[in-house]
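Asks: Got chain A; can you put chain B on it based on the hints?
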Amino acid sequence: MALESLDRSPPPFFRVGFAPLTKLIFFSALSLLLVFGDKQLQFTKPLRAGLSTLILPIQWLVLQPGEALSAMGSYFQNLDQAQKNLKAAELKVLQQSVRSQQVEQLQIENQNLRQLMGLQANMAVASQTAEVLFDVPDPYNQRIVLDRGLLKDVALGSPVIDAGGVVGQVTRVYPLTCEVTLLTDRDQSIPVLNSRTGARNITSGDVLAGQPMIELKFVPASADVKEGDLLTTSGIDGVYPAGLQVARISHIERRVDISFARIHASPLAELKGRHVLILQPTAASAPNKAKTP
Amino acid sequence: MIMSRREALLLPVSPWFIALSLLVSLLFSMLLGLSQALWLPDILAVSIFFWGIHQPRRVGMATTFILGLWMDVQQSSLLGQHALSYVVLNYFAFSMHRRLLWFPIKEQMLQIAPFFILSGAIGLLIRLSTGDDFPGWPMLLSPFIETLLWPVANFILLAPQRRAHDPDANRPI
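Those protein sequences? They're chains A and B, same order as listed.
Using the working numbering, read the first sequence as starting at 1 and increasing by one per residue.
Using the working numbering, read the second sequence as starting at 1 and increasing by one per residue.
Isolated chain A (complex conformation) (with noise of 0.2 angstroms):
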């Protein structure tokens, strides 16, 4: 009776939750938790998903000034510049209307051969455009957000490119966007031929002079490489199909004490440009993988 007289919690009045301290140690170390989860265990991602799909109204409402103004400015753009562009874009499509005609008839001859020989017929890749909605705003990596999703049948490492070249690869997938890793970013890889001598080799991303490039790896200093070698896609991933134009030799060093030589190419892909198209990851429409289970 005399102990529950005695109210030994503080009245209402000064009733303030839990202490800071406690609140700081519980948030850090959830956050804690979100880091290490999203970097190695990869469960955050629905969370991930559900969050950006929510602000995307908001994004979008943040990017119409950018839009805007871009509009303005296209809008005010000389009469003169628009004629160029037009004949620039009219030379474009003769020249490679001449290539894209031996291009059928190089191709009816290449399936002709590859039946006589009896290889696996090359595959028409399904392919769809999308638009580039923004770069990232992540300093430390480079992707960019495309307005295609997992409602638009995205598979996540999907190859893009564009009129230039290979862009990079889908590394993530939102309901209704996507997220694209360019071949730039130092975590991205892609394995190419080197064109002129058919040697195959990987490559990463790198930033050479301030400049986004990418790097040839192991390659041994004593290798036949030349500056302005165009580099290929090899096919042999399943996942980038075979022949797409990847990058260009730019640099190389080679030095007595290392036994690699150091490569850099700098990409054929515009990385800035408007529209990208996305591929089907080879290994998903390759008949003979589909069969078996």
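Derived by calculation from the structure, the hints in this document are not laboratory data.
Among the hints, a few may not be true.
[Stated by the list, open to error] Cβ-Cβ distance ranges computed for the label pairs, FRET-style:
| id | chain 1 | residue 1 | chain 2 | residue 2 | range |
| --- | --- | --- | --- | --- | --- |
| 1 | A | Pro65 | B | Leu125 | 45 to 51 angstroms |
| 2 | B | Asp133 | A | Leu41 | 19 to 25 angstroms |
| 3 | A | Pro65 | B | Gly136 | 24 to 30 angstroms |
| 4 | B | Leu140 | A | Lys272 | 22 to 28 angstroms |
| 5 | A | Ala68 | B | Asp133 | 46 to 52 angstroms |
Where a beta carbon is used, it is the ideal one built from N, C-alpha and C, also for glycine.
Replies: Just chain B, lined up with the frame of chain A:
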């Protein structure tokens, strides 16, 4: 609040204004992030710290944490990176909120600069420890620009509380 110098008495704050100001600074942060310039300040961090100082009961750590998560998803950084730096910012704002406002604004800036630096450093350390490269020197500028924004935040965010309320015959003050 008793002030050492002449200071207008402030009207009570409206919770809607706090929410609105946080939302607007969130939008600004999202917009500035899109430009990918490293030196640009994190406006959301400034307003979180500001409300942490002025209204610690209203803007708590849970709010801060959720805003941080939002920024993480929007910037596509590691989940929890902004959340952690904002939560730490909010904690230090709470721990110094009784003391800071006794100082003139320039001395306030001197005292809060370390916390903006700390909050930037937390984000950087998390990314470096998970194997990313240092993105560039201009990012070291942003905490100082955030500190320089403190008087601006004081001017804008306290403006609704500085309004002279309408005195009438029954309420002469």
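Asks: Next, verify each hint and record whether it holds.
Replies: Right, here's what the structure says about each hint:
1. With their beta carbons about 33 angstroms apart, proline 65(A) and leucine 125(B) fall outside the hinted range of 45 to 51 angstroms.
2. Remark: the range hint 19 to 25 angstroms for aspartate 133(B) to leucine 41(A) is upheld by a beta-carbon distance near 23 angstroms.
3. The given range of 24 to 30 angstroms is respected by proline 65(A) and glycine 136(B), whose C-beta atoms sit roughly 25 angstroms from each other.
4. At roughly 27 angstroms, the beta carbons of leucine 140(B) and lysine 272(A) sit within the given window of 22 to 28 angstroms.
5. Checking the proposed 46 to 52 angstroms range against alanine 68(A) and aspartate 133(B) shows it is violated: the Cβ atoms sit about 34 angstroms from each other.
In this structure, the earlier hints numbered 1, 5 are contradicted, and the remaining ones agree with it.
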